[in-house]
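2 protein chains.
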Amino acid sequence: MAESVFAVPKGFKAAAYSSGIKKSGKLDLALICADKPVECAGVFTTNKVVAAPVRITESRMHQGLCQAILVNSGNANACTGNQGLRDARRCGDLVAEALDLAPELVAVSSTGVIGVPLPMHCFEEHVPSLCRMLSHDQFDGVAKAMMTTDAFPKMCCRTINIDGQEVRLLGLAKGAGMIHPDMATMLAFVVTDAVLADGLLDAALRQSVNASFNRITVDRDTSTNDMVLLLASGDAENQEISEGSAALGQFCAALNEIMLELAKMIVRDGEGSTKLVRIQINEAANDADALAAARSVATSQLVKTAFFGEDANWGRIIAAVGYSGADVDPDKVNISFDDVAMVSNGLGLDSAQEARASEVLKKPEFTVTVELGLGEGSAYYYTSDLTYDYIKINADYRT
Amino acid sequence: MAESVFAVPKGFKAAAYSSGIKKSGKLDLALICADKPVECAGVFTTNKVVAAPVRITESRMHQGLCQAILVNSGNANACTGNQGLRDARRCGDLVAEALDLAPELVAVSSTGVIGVPLPMHCFEEHVPSLCRMLSHDQFDGVAKAMMTTDAFPKMCCRTINIDGQEVRLLGLAKGAGMIHPDMATMLAFVVTDAVLADGLLDAALRQSVNASFNRITVDRDTSTNDMVLLLASGDAENQEISEGSAALGQFCAALNEIMLELAKMIVRDGEGSTKLVRIQINEAANDADALAAARSVATSQLVKTAFFGEDANWGRIIAAVGYSGADVDPDKVNISFDDVAMVSNGLGLDSAQEARASEVLKKPEFTVTVELGLGEGSAYYYTSDLTYDYIKINADYRT
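Order-wise, the sequence lines are chains S and H. The opening position of the first sequence corresponds to residue 1 in our numbering, with each subsequent residue numbered one higher. The opening position of the second sequence corresponds to residue 1 in our numbering, with each subsequent residue numbered one higher.
Check each hint, because a few of them may be wrong.
Copies of the same chain look alike in the list, so a pair counts if it works inside one copy or between any two.
[To be verified] In silico DSS-like pairs for lysine-lysine, Cα to Cα no more than 27 Å straight-line:
#1 Lys392 / Lys363
#2 Lys13 / Lys36
#3 Lys332 / Lys48
#4 Lys36 / Lys26
Everything labelled a hint here was simulated from the structure, so no lab data went into it. Keep in mind that this is a model prediction, so the values were computed, not measured.
Build the full structure now, drawing on both the sequences and the hints.
Written out as structure tokens, the structure is:
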């Protein structure tokens, strides 16, 4: 495999393997490993039906330390009862044994079909060799091994300079269906070599997830397996990033960029999706109203289908704002597609504007801005269009 | 037109006409008219973006009296500003003038495209002739004139016997898209000749809507134009139906049957729909939890697409229950398709059961029952499958 073009943070290695969980023979098992136990923060699905690996990993991450992340695709190990919990623990133990780690330092993560026991022979047979394959240039393979219905692997990196030291962040994500806050059906792992003061990693992760993975929707379905982990090796040897410092602002900005870029990749790769649309709500009575309105427009099946039809159907947009629960005075609403005004004070503009708006809808990425004229609240959401291929992919997924 | 096979309640006439609002030349304008001012109850959309005719009619219905309902399809008169309000009032005035009624006794109702002013010349020209066409056998035409993307007209009637007197109820509805509580994008008008004590009509309507139109979803989009009106002429000359009486139970049962049947017709006619599925939640911690879980499963895009794929994908169902907000213990969940058990205590049953379940999913109508094993709460929801044709219809609707 060619050397990665991504700048891998110091102190991390990775490996990926085709273990046979996917019948296609594609990559389906991967490992990210730090050279030593490192600081870790995690965010997990809010679904009450929680997959076994999420339960195991969430409890282990409470200690704030992690050394390895084992991830498989092709099987979610969800709704698998006590057997699933035993299997998830055994997966972690296999890594711990091969690398001589404490089992509590191993995070396990699965994505794929629900309700089928993990094929443990794949893990028993191949985890030891996976552990021997660890190298600096295999992160591309990890991103591929996480894929289920994803059309492309999702990676993003940033390098920042803190007090003369280069600090790297690298993020990997998977997700295309069952995408909805909080959280989307997705896995994301971000590794960095930054040195941060105690407690900052968790706060940085939470605000970043809230502004990225909690602002996207493909199909309103929240999965059983979502997990975002952030690991910091501290190997960059930068001066420790402290609370309230400019360096923390720099670090969080880079983290936010990575997370939002990965989140947008997930929507762009939304099952059957042909468009990435930003729904921007401005001038709401408050931010909560703006978020409710943005979510309502972003999740409206009729709006999403109109995007696919490249139809500037603002009636569906204003209707979705109307039932969002947000304060709305229809006579104050303005709507535009990119910079083309379409609705002014609740009334549609002329057919010349509609023709211009239709041109915007032909683009693969655009922004719908809705001004409510009631206050200072604003929020955004990213969504996809709803297409024939979404139906095709999901009507046939298991068969 | 052939005589209606429906038993029309005494004291009502109807008419329908092709006025040119629909370019196809199909029926698009209709009138239901009582011989005198009659008792009326109404329920209206909860969308904050409310169409002009809803605003006019809701304010008029507060008095509890109505004599005529004018309805048009092809144009919703929504997001049309002050011009829309003037137009809606003018439509009512045209009926009032032609029939010599007080304008406050005329309900107006519109359904169709949002954001386009009503073509008033169609009303000016044809409402007077519509008023001259009123007869007892034109209710079929009204049901047709209400249709937009509907594939078939929706009518339902019941005749009950109260103290030896025949009492009739006749309901008409339209709706196929923008269907979601509270309310669905729909219009429904029910007329009866029952004599009821003061105040009972409104209570009967509200409980009935709650158990029918508020228990269906096609696409989670709540429209700007929903309206259900119930008119009672009292011409059956039955002994007045009083509060707490057996006769009220009989009347409400018949009303509920009509409403639920119309509601199910709407789902069966859901845009692109090929299946009508009842989601039944039992043994929830309480009824509110059951309703939340039923709604979550019924609105899940992934579940609805699996229904289209005739895939007994119970993982998506349990995931939708898991994110519904209802109390769930995954290890206590049972799921069945009609009488075929598929999941027991959170675990999938064998492939023989899955094969039997797949047979159930091939049927045009079936029930998914989810038992949560936590209490006595139960609720149901009716939903459709999500299909290629839904995308086709809604990507192309305006163009």
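Violated constraints from the hint list, given by number and in increasing order:
4
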